[in-house]
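4 protein chains.
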Amino acid sequence: MLKVGIIGAGRIGRVHGESISKYVKEAEIKAIADPFLNEEQKKWAKEKGIPCAYTDYKKILEDPEIDAVLICSSTDTHSKISIEAIQAHKHVFCEKPIDHDVSRIKEVIEELKKNPSVKYQVGFNRRYDHNFKAVRQAVVDGKVGEPHILKITSRDPEPPSIDYVKVSGGMFLDMTIHDFDMVRYLMDSEVVEVYAAGNVLVDKAIGEAGDIDTAIITLKLENGAMAVIDNSRKSAYGYDQRAEVFGSKGQVTIANDSNSSAVVSTENGVTAEKPMFFFLERYMQAYAEEITEFIDAIVNDKNTPVNADDGLKPVLIGLAAQKSLKENRPVKISEIKF
Amino acid sequence: MLKVGIIGAGRIGRVHGESISKYVKEAEIKAIADPFLNEEQKKWAKEKGIPCAYTDYKKILEDPEIDAVLICSSTDTHSKISIEAIQAHKHVFCEKPIDHDVSRIKEVIEELKKNPSVKYQVGFNRRYDHNFKAVRQAVVDGKVGEPHILKITSRDPEPPSIDYVKVSGGMFLDMTIHDFDMVRYLMDSEVVEVYAAGNVLVDKAIGEAGDIDTAIITLKLENGAMAVIDNSRKSAYGYDQRAEVFGSKGQVTIANDSNSSAVVSTENGVTAEKPMFFFLERYMQAYAEEITEFIDAIVNDKNTPVNADDGLKPVLIGLAAQKSLKENRPVKISEIKF
Amino acid sequence: MLKVGIIGAGRIGRVHGESISKYVKEAEIKAIADPFLNEEQKKWAKEKGIPCAYTDYKKILEDPEIDAVLICSSTDTHSKISIEAIQAHKHVFCEKPIDHDVSRIKEVIEELKKNPSVKYQVGFNRRYDHNFKAVRQAVVDGKVGEPHILKITSRDPEPPSIDYVKVSGGMFLDMTIHDFDMVRYLMDSEVVEVYAAGNVLVDKAIGEAGDIDTAIITLKLENGAMAVIDNSRKSAYGYDQRAEVFGSKGQVTIANDSNSSAVVSTENGVTAEKPMFFFLERYMQAYAEEITEFIDAIVNDKNTPVNADDGLKPVLIGLAAQKSLKENRPVKISEIKF
Amino acid sequence: MLKVGIIGAGRIGRVHGESISKYVKEAEIKAIADPFLNEEQKKWAKEKGIPCAYTDYKKILEDPEIDAVLICSSTDTHSKISIEAIQAHKHVFCEKPIDHDVSRIKEVIEELKKNPSVKYQVGFNRRYDHNFKAVRQAVVDGKVGEPHILKITSRDPEPPSIDYVKVSGGMFLDMTIHDFDMVRYLMDSEVVEVYAAGNVLVDKAIGEAGDIDTAIITLKLENGAMAVIDNSRKSAYGYDQRAEVFGSKGQVTIANDSNSSAVVSTENGVTAEKPMFFFLERYMQAYAEEITEFIDAIVNDKNTPVNADDGLKPVLIGLAAQKSLKENRPVKISEIKF
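Residue numbers (full-length UniProt numbering), protein chains in the order written: chain Y, 1 to 338; chain C, 1 to 338; chain D, 1 to 338; chain L, 1 to 338.
Bound conformation, chain Y alone (with noise of 0.2 Å):
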């Protein structure tokens, strides 16, 4: 039995916990740890039986008998806690982005080709949604042919706090990059050149923050195709989540997915639900399947679905993005130092 420890305490880091409890037989959790731990953690963790609880995540770390840490903490921490994990011989699942600096991800690697024993999973979850996953198998089927365009429309209910705004590394690193990550899922291709529109249109705020709200951004890939991501940070219908693979021999489209299927007809109109709220509705069952994958390539020696290079790549797509936008040109993936 495999022992797990889950570094942050927060919505996402019980999301796991939950995942692991309900769907994983070959783990268990040992540890969690937060370093503003309250209350109601401790009693969640009591709940799913997990015996330790700790403000200080290098308990975890020291703890020779924890196997694997997934690692829920606050952005800015993701990297230097990774670099310390893989040095303490545990396996890492990383929530997503490894850093907003690409030295420090760079550094993430270096440790991992030190210990090659390692095992480094990073948190694009989408990989695991049922709708993206079909997309994938079309286009991999071959029922499209040859992909020629990508569309990704990716727009979330609600703009987070300006605090957190500001925090963020912006929208692009912050939001755009599982768009990012899907680019390269769907199509099998990497990018090698950015143009991004943007601008403020849902809240001035997130305007004097820095930061833009609305995007379009434009992808080259290596194998000549093209993508287009367009994003929002409010959809007052939902989350909306879709992809339409276009190809010589056709195209795959995935909807969003609403909690039934039920369609009401009145003198008003036929109308069905809006697509479920926000992300912890829609990836419930993808997040338990990562972390099933994670698990599974620990306990059966298999390489993680999405490594460490993974989660580099969107975050130079990410910064040449920022770059497009700010210098209003296409920017290619190679500009980016690292």
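Keep in mind that the hints were calculated from the coordinates and are not lab data.
Beta carbons: idealized from backbone N, C-alpha and C, even for Gly.
Here are some chain C residues the structure puts well away from chain Y; computed CB gaps all over 10 Å:
| no. | residue |
| --- | --- |
| 1 | M1 |
| 2 | N38 |
| 3 | K58 |
| 4 | S189 |
| 5 | N199 |
| 6 | V200 |
| 7 | A205 |
| 8 | Y287 |
| 9 | A288 |
| 10 | D310 |
| 11 | N328 |
| 12 | I333 |
Once the Cα atoms are required to be at most 30 Å apart in a straight line, the calculated DSSO-like pairs of lysine-lysine come out as:
| no. | chain 1 | residue 1 | chain 2 | residue 2 |
| --- | --- | --- | --- | --- |
| 13 | D | K332 | C | K332 |
| 14 | Y | K25 | D | K30 |
| 15 | C | K22 | C | K59 |
| 16 | L | K326 | Y | K313 |
Using the hints, position chains C, D and L against chain Y.
For chains C, D and L alone, kept in the frame of chain Y given last:
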């Protein structure tokens, strides 16, 4: 150039007139007749370039230049004018139903036997609707295998006036008759038995007029398959016209048509347009096609696609349904005397 | 912590076991019993941490630590074990149907009257399905006004084995019974009369075993509304589970669930996924919810949401449908002796 | 009765001719002219009752009885004939684009200033499509709030011949020009900057002819909103014409039209019909409406709904897109000399 007379200048008569002038190259309208011919109708005839407008339809039957007549007068005159027109050697397009009294329909059929060169077509327009045609085509092409179950939903947006209800012949002969025709058309098999459950749920006044407004009718077919029709005189969201054929290899379904595919997503839901309001909107193209095929049958000496026997059968089914409702038991079509 | 015993370690017994271990905090499984307990079942019990695995279910009933039992054994044992469990003061979750013989169900109800503290729930899982719940909610919320017509389509992807057909009690009691329950659940009104049309269109062997495989059943309800169910034992495209309620203000419909929303457009058409294959896929979440509600009813001393009377009524409707089919006439529920 | 001359008896000229004869009461076609007038075209003119058929369009311009001309000749003659027709005091309906050279369009506009009584309309037919109209209406009605993002997908089923590609003015001026018009129509705001990414993915011969066949074009609008268009010259599943407007209060989307709503479910999936094949099928009704509105503008002395300026703007955007593609940078519309 075929010359046509229209008997009955009401709504449906003018719909057919428009169709001929727009779409049918080989025919022109020479005359229109209506006992209550009003100024609006006269003006319409003038605009369409129709030379003659009468109050007495016999002038049309007596005109040796006129080759064909469209009988669009009130239902109780259909069989009488049909017989007179056949005797006058005019080809006849007769609105449904030919008569509520099968013995009268029998007389029309007898008259047709005496005048084998006369073409006779009944106005079951749904056979020309793009959706219903697609269902039949899928069945004919074997896409659903052997048909097992046909489901028809047929609901009007508004009940007719109580005055009309009283002379309509009852819902089964007035409204469901189209659905009975669709059962025969889509399944290519004759109905042998009917069970009708009905109630007055929309408007008590309809019940007081001796009719029902809501029904579920089960039909057993010669080929062993079954069909079910559900009717309502009032659908809040508009004209609901759907069908499904389920068979050994699968199913074909059709949805309603609406004015556009626009879908508006807001915090209140994901809302599409209602179905088109009523038969004139939904079946306008079908009306044009049925008249085109009628003229084509004359010009090219083909069988009419919906003949007098196709006019008779749904009336027999309707009478069996009435008997079933009254006696609350399944009724064989063979019980209806003919 | 509530202690539960599972009687019957077949597929559905283990589905409920999984649900309890994953989702139900307040309960744990102490024992499982099956007369034909095999190695796979024993292994499963061990993995789930179930301490006891018996061949004799009476050991469960005799265990004073066990608070509740799930009766997942073969249908012919449901009522007998129900009575014994009630007498042993165990709360009972019983798979449907309680019995094919209403007098036996009556005995269960009598036994419950003698033991008013015992909770009894029948396994009509569809009441917990997200789609069917949404239909009921729309009806309860008045979104469709007064309900007039309910349509249920319920088709299995594959017929059961002929051996099973012989002991199933017939399609109406084995398969349609769920739909009869849905009529009561969705319309909140009792069925007063049934007319069943049925045939053998899927497999002659089913007919030779004395059953039918295709049916259309019309039901008249106490509130004046009508319902119609269509069934097939074999749907080529998978498990077809849809419903529509039409009323004075509109309609609510539900569609099938599928594994993803992926739609592939090629020169051959625009193709979506088939519905989920069968009940285990489609209703997995519903199974979890019904067990959760059963445990909740015990822990918080609530009425069970589907009680013994709810178990009886669909059997009465099923028996009336059998009689209707045999005698080819509408049959009142009151004709079924109870 | 307005008298109309059609210059150019190709496909689109005859489409407009059919529309006038079927739908436009106030106009009749007096003459048709085509330098390569063939027997089929002469026969068509005869059937439509068109008295005159010329090889020289100047005979139309010289006919004092003719009030209006439809310029449906090859693109390189549009501006020249426009100017001559305006000088001859004929009202002009001109197929798009007026010219590939903005200085020539400028001359047309100058000529119109000199002849203020002449009505001039450009053939942007999509403005009359039921779906695109519904999108605009939703935007105008405020259903989506302030528009933030417009997405247009516009893909042809088949690329044109290489001979045509060579004289087409390039994909942006030949095909995307409709989409540029839709951006202005749907968003009611002018384009200020364009960034075009393009490639040759469909057919190398198109690249050898100096054009592209696949593109993603991002547009910044005066009101701060953004638009993105994706184009392909070859969509395996047919003509793909969709749009979405996303705004502060929600989103409006439109789907493709198909010949019927039939959906066939089999063991292979749930398959709907492909979109209608190409523009003649999809936009037939729109063609009729644009001509009807042109005639109406003349008869009732209204402004034409798509004037010469509306003909100019998309050409400017197209030229900016060409420059953007060539220089791989965003290009302001103001950079295009006019």
